[in-house]
Amino acid sequence: MACRAQLTASGKRRVLVGSEQRSSCPPGVHREQALIDDAKKRLEDRFLPLLQPQIVPYQLRLYAEQTDATVQRVAEIIQEDIEKTEPALIIMAAHNKPGTQEGLGSVAEYLSRNCKRPMAIVHPEYEVGTSMEEL
Numbered sequence: 001m002a003c004r005a006q007l008t009a010s011g012k013r014r015v016l017v018g019s020e021q022r023s024s025c026p027p028g029v030h031r032e033q034a035l036i037d038d039a040k041k042r043l044e045d046r047f048l049p050l051l052q053p054q055i056v057p058y059q060l061r062l063y064a065e066q067t068d069a070t071v072q073r074v075a076e077i078i079q080e081d082i083e084k085t086e087p088a089l090i091i092m093a094a095h096n097k098p099g100t101q102e103g104l105g106s107v108a109e110y111l112s113r114n115c116k117r118p119m120a121i122v123h124p125e126y127e128v129g130t131s132m133e134e135l
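According to full-length UniProt numbering, the sequence shown is numbered sequentially starting from 1.
These are calculated hints, taken from the structure and not from any lab test.
Certain hints may be false.
Simulated crosslink set (DMTMM-like; lysine to aspartate or glutamate; CA at most 25 Å straight-line) [to be verified]:
1. Lys40 / Asp68
2. Lys41 / Asp68
3. Lys41 / Glu80
4. Lys40 / Glu76
5. Lys116 / Glu86
6. Lys116 / Glu80
7. Lys41 / Asp81
8. Lys84 / Glu44
9. Lys40 / Glu83
10. Lys116 / Glu83
11. Lys116 / Glu76
12. Lys40 / Asp81
13. Lys84 / Asp37
14. Lys40 / Glu80
15. Lys116 / Asp45
16. Lys116 / Asp81
Distance windows between CB atoms, simulated [unchecked claim]:
17. Leu60 / Arg31: 16 to 26 Å
18. Gln33 / Asp81: 34 to 44 Å
19. Arg31 / Pro53: 31 to 41 Å
20. Glu83 / Leu62: 30 to 40 Å
21. Ala88 / Leu62: 35 to 45 Å
22. Lys116 / Arg73: 17 to 27 Å
23. Pro118 / Ile77: 16 to 26 Å
24. Arg113 / Gln33: 29 to 39 Å
25. Lys116 / Ala34: 30 to 40 Å
26. Ala120 / Glu83: 25 to 35 Å
27. Arg31 / Leu89: 17 to 27 Å
The beta-carbon is built from N, C-alpha and C at its ideal position, and this holds for glycine as well.
Generate coordinates for the entire structure from the input sequences, incorporating the hints supplied.
Here is the structure:
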């Protein structure tokens, strides 16, 4: 199972941050919840240092999907939520995978073609704590 996590800033101007989190948790009844908790912690650790200095209110949204889910299905789930919440900006991470458009991850690439909301792509070379002005 993979957790797809969305960090959405709340209020009139929302920012949607997307990141895929995969984790190897011990098997058992609470494995899915452990995956979700781990994804939430990783997302907050990575992106909150960028949002908090700017005093950007946020809302964390997590989606759990089977690892064999297609890229299109995962992107459609995210796009449906984007259409419901109408964020001012969607921020996705680039994965710099060979063969993808300008180094985008496959979900970010799908959304860049199909989503009608503004998008920003954050490249991995930026360290956590990089100010919004530096991006």
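Status of each hint after checking the structure:
Annotation: proposed proximity of lysine 40 to aspartate 68 holds, straight-line Cα distance about 21 Å (limit 25 Å). Our distance criterion of 25 Å between C-alpha atoms is met by lysine 41 and aspartate 68, whose separation comes to about 23 Å. Among the hinted pairs, lysine 41 with glutamate 80 is consistent with the structure: their alpha-carbon atoms are about 24 Å apart, no more than 25 Å. For the hint pairing lysine 40 with glutamate 76, the CA-to-CA distance comes to about 21 Å; that is within 25 Å, so the pair holds.
Of the supplied pair hints, the one linking lysine 116 and glutamate 86 holds, its CA atoms being roughly 10 Å apart against a limit of 25 Å. Note on lysine 116 and glutamate 80: the hinted pairing holds, with a Cα-Cα distance of about 12 Å set against a maximum of 25 Å. The suggested pairing of lysine 41 with aspartate 81 holds, with an alpha-carbon distance near 21 Å, which does not exceed 25 Å. Restraint check for lysine 84 and glutamate 44: satisfied, since their Cα atoms lie roughly 22 Å apart, inside the 25 Å limit.
Taking the CA atoms of lysine 40 and glutamate 83, the gap is near 22 Å; set against the 25 Å cutoff, the hint holds. The straight-line distance between the Cα atoms of lysine 116 and glutamate 83 is roughly 9 Å, inside the 25 Å bound, and the hint therefore holds. Simply put, lysine 116 and glutamate 76 have alpha-carbon atoms about 13 Å apart, close enough for the 25 Å limit, and the pair holds. Note on lysine 40 and aspartate 81: the hinted pairing holds, with a Cα-Cα distance of about 17 Å set against a maximum of 25 Å.
For the suggested pair lysine 84 and aspartate 37, the alpha carbons sit about 24 Å apart, so the restraint of at most 25 Å is met. Among the hinted pairs, lysine 40 with glutamate 80 is consistent with the structure: their alpha-carbon atoms are about 20 Å apart, no more than 25 Å. Annotation: proposed proximity of lysine 116 to aspartate 45 is violated, straight-line Cα distance about 28 Å (limit 25 Å). Of the supplied pair hints, the one linking lysine 116 and aspartate 81 holds, its CA atoms being roughly 13 Å apart against a limit of 25 Å.
A hinted range of 16 to 26 Å for the beta carbons of leucine 60 and arginine 31 is consistent with their spacing of about 20 Å. Restraint check, glutamine 33 to aspartate 81: a C-beta distance of roughly 20 Å breaks the suggested window 34 to 44 Å. Checked against the hint of 31 to 41 Å, the C-beta distance between arginine 31 and proline 53 comes to roughly 35 Å, which is consistent with it. Hint check: glutamate 83 to leucine 62, Cβ distance near 18 Å, so the stated range 30 to 40 Å is violated.
As the Cβ distance of alanine 88 to leucine 62 is approximately 21 Å, the hint placing it in 35 to 45 Å is violated. Range check, lysine 116 to arginine 73: Cβ separation about 19 Å, and the 17 to 27 Å hint holds. The hinted window of 16 to 26 Å between proline 118 and isoleucine 77 holds, with their beta carbons roughly 20 Å apart. The hinted window of 29 to 39 Å between arginine 113 and glutamine 33 holds, with their beta carbons roughly 34 Å apart.
For lysine 116 and alanine 34, the hinted distance range of 30 to 40 Å is satisfied, since their beta carbons lie about 35 Å from each other. Checked against the hint of 25 to 35 Å, the pair alanine 120 and glutamate 83 fails, with Cβ atoms roughly 18 Å apart. Distance hint check: the CB atoms of arginine 31 and leucine 89 are about 33 Å apart, inconsistent with the given range 17 to 27 Å.
Going down the numbered hints, you'll see the structure goes against 15, 18, 20, 21, 26 and 27, while the others check out.
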